[in-house]
Amino acid sequence: MKTAVAPLAHEVPPAAADDVLTELQEIYIEKGTPAFMRTVLALFSGGFATFALLYCVQPMMPLLSHEYSINAAQSSLILSVATGMLAFGLLITGPISDRVGRKPVMVAALFAAALCTIASSMMPSWHGVLIMRALIGLSLSGLAAVAMTYLSEEIHPQHIGLAMGLYIGGNAIGGMSGRLITGVLIDFVSWHTAMMVIGGLALIAAAVFWKILPESRNFRSRSLHPRSLLDGFTMHFRDAGLPLLFLEAFVLMGAFVTLFNYIGYRLLAEPYHMDQVFVGLLSVVYLSGIYSSAKIGSLADKLGRRKVLWATIALMFAGLALTMFTPLPLVIIGMLIFTFGFFGAHSVASSWIGRRALKAKGQASSLYLFSYYAGSSIAGTAGGVFWHLAGWNGIGLFIGALLLVALLVALKLAKLPPLGGGEKV
Numbered sequence: 098m099k100t101a102v103a104p105l106a107h108e109v110p111p112a113a114a115d116d117v118l119t120e121l122q123e124i125y126i127e128k129g130t131p132a133f134m135r136t137v138l139a140l141f142s143g144g145f146a147t148f149a150l151l152y153c154v155q156p157m158m159p160l161l162s163h164e165y166s167i168n169a170a171q172s173s174l175i176l177s178v179a180t181g182m183l184a185f186g187l188l189i190t191g192p193i194s195d196r197v198g199r200k201p202v203m204v205a206a207l208f209a210a211a212l213c214t215i216a217s218s219m220m221p222s223w224h225g226v227l228i229m230r231a232l233i234g235l236s237l238s239g240l241a242a243v244a245m246t247y248l249s250e251e252i253h254p255q256h257i258g259l260a261m262g263l264y265i266g267g268n269a270i271g272g273m274s275g276r277l278i279t280g281v282l283i284d285f286v287s288w289h290t291a292m293m294v295i296g297g298l299a300l301i302a303a304a305v306f307w308k309i310l311p312e313s314r315n316f317r318s319r320s321l322h323p324r325s326l327l328d329g330f331t332m333h334f335r336d337a338g339l340p341l342l343f344l345e346a347f348v349l350m351g352a353f354v355t356l357f358n359y360i361g362y363r364l365l366a367e368p369y370h371m372d373q374v375f376v377g378l379l380s381v382v383y384l385s386g387i388y389s390s391a392k393i394g395s396l397a398d399k400l401g402r403r404k405v406l407w408a409t410i411a412l413m414f415a416g417l418a419l420t421m422f423t424p425l426p427l428v429i430i431g432m433l434i435f436t437f438g439f440f441g442a443h444s445v446a447s448s449w450i451g452r453r454a455l456k457a458k459g460q461a462s463s464l465y466l467f468s469y470y471a472g473s474s475i476a477g478t479a480g481g482v483f484w485h486l487a488g489w490n491g492i493g494l495f496i497g498a499l500l501l502v503a504l505l506v507a508l509k510l511a512k513l514p515p516l517g518g519g520e521k522v
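Residue numbers for the sequence shown follow the working numbering, so the first one is 98 and each next one is one higher.
Derived by calculation from the structure, the hints in this document are not laboratory data.
Hints may be right or wrong, so weigh each one.
Derived SDA-like pairs: lysine to any residue, alpha-carbon spacing no greater than 20 Å straight-line [to be verified]:
1) Lys404 with Gln255
2) Lys200 with Phe334
3) Lys509 with Phe334
Label pairs and their calculated CB-CB ranges [claimed, not checked]:
4) Gly225 with Phe285: 23 to 33 Å
5) Ile309 with Ala337: 37 to 47 Å
6) Leu501 with His370: 31 to 41 Å
7) Val197 with Glu164: 21 to 31 Å
8) Lys512 with Ala415: 17 to 27 Å
Here the structure is a predicted model, which means the values were calculated and not measured.
For every residue, glycine included, the Cβ atom is placed at its ideal position computed from N, Cα and C.
Let's have the full structure, built from the sequences with the hints guiding it.
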C-alpha cells in the first residue's frame, strides 16, 4: 500500500529520486492538472455556498430589529445561532468524515443547508427563523469541518497554501455575494424572498460541487470508537502549536464578524444616514479578501507561515484604525484593508493546521473551525453590548483587544520550532 507521506530529501538515494517524484504525482493532486482545477472549482463553489448561506442575514439585522422590535444584540442571534451550531457540529462531523469519507459528508451538508435556508424563508415567527438558522449551521458543519482536511490530504504539499487560499477565496465571494444580494434585494422585496433566492443559488452550488469534486485517493478510514476520538483530541492539545492556532481562529473571526455585524447600524445612523442598498453594496470590500486569501496563501508557501501571519494581523489593526475616523472614504478604505488582512491571516492559519497535524487531521480541522465559528458566535453577539454602551468607539475597543491577542499569539507561533515530518514552514 502506498503512503501519502514522502520520505525526507536526504533519505532518498539519488537513483531513486525520480521514482519518489513519480509516486508523489500518482498520490497527490498537482498544480496545473485537470484534477487540480476540478478540486479548486468544487471547493470554491462549496466555500461560496457556505459563506453565502451563513452571512446573507447580516445586512438584514437592522431591518429585523425593526420588524420584530428587538435590539441589535438580539438581532445578531440570527447569525450567532447558526455559527454556534456550526461550531458544535464540527466536533461531530469531522470525526464522522474520518470514518465514512470526505466527499459524502460535504455533499450531504451542502444540500441540507440549502434546503433549510429555503424553509427558513417560510417561517412565520422569529423563533421559527432562529430554529431553521440553527439547523443551517449544523448542516454546514459537514463542509466546513472536512474541506480543509480534504485539501491537506489530496493536494501536493507544495501547493496546499495556494489551494487553501483559493478555497477561502470562495468563502470571501460567498460572504460578499450573500450580503450583497440580500442587502440590495431587501430594499425592493421582502427578506423572505431574498432568503429564498440565496437558498436556490446554494442548491446550484451544491450540485456543481457534487458533480466535479474528485473522489478521495488518500483517505484512510479511522475508527469512531470514543477512545480513539479522545486520543486524537488529547494529542492535538498536547502539541505546542495547534492550541495556539485554535485560539488564533477564535479571536480573528470574532474581530471580523463584530466589525461587519455593526457597521451597518453605524452607517444607517447619523451622520451618514445611508440607504440600505448602499450599505449592502459595501460588501464589495470582500473583493480584497478574495485576492489576499490566494496571494498571501501562496506567499506563505514561499516565505513560511511564521513570517507572514503576524504581518496580516498588523494590516487588520491598520484597517480598524481607519474605520475610527468619521469621513466615509476613510471608513471604506479601512474596511478594505481589514478584510484583506483577515482573509490572508485565515488562509495562513488554516493551511498551517494541515501541515502541523500529522495524524487525525479531520479532528484537527474540526477543532480549528470550532474555535473559528465559536469566535463568530460569541464575539459577534458580545460586540452588541459594546455598541450599546459606546457606539463605534466601543466596537473599536473590543475589536482592538481581540487583535492584540491575535498578534501576541502569532508572535509566539513564529518562535516555535517546526516539526520534522509534516510542518516545515
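- Query: Of the numbered hints stated previously, which ones are contradicted by the structure, given in increasing order?
  - Reply: When the structure is compared with the hints, numbers 2, 7 turn out to be violated.
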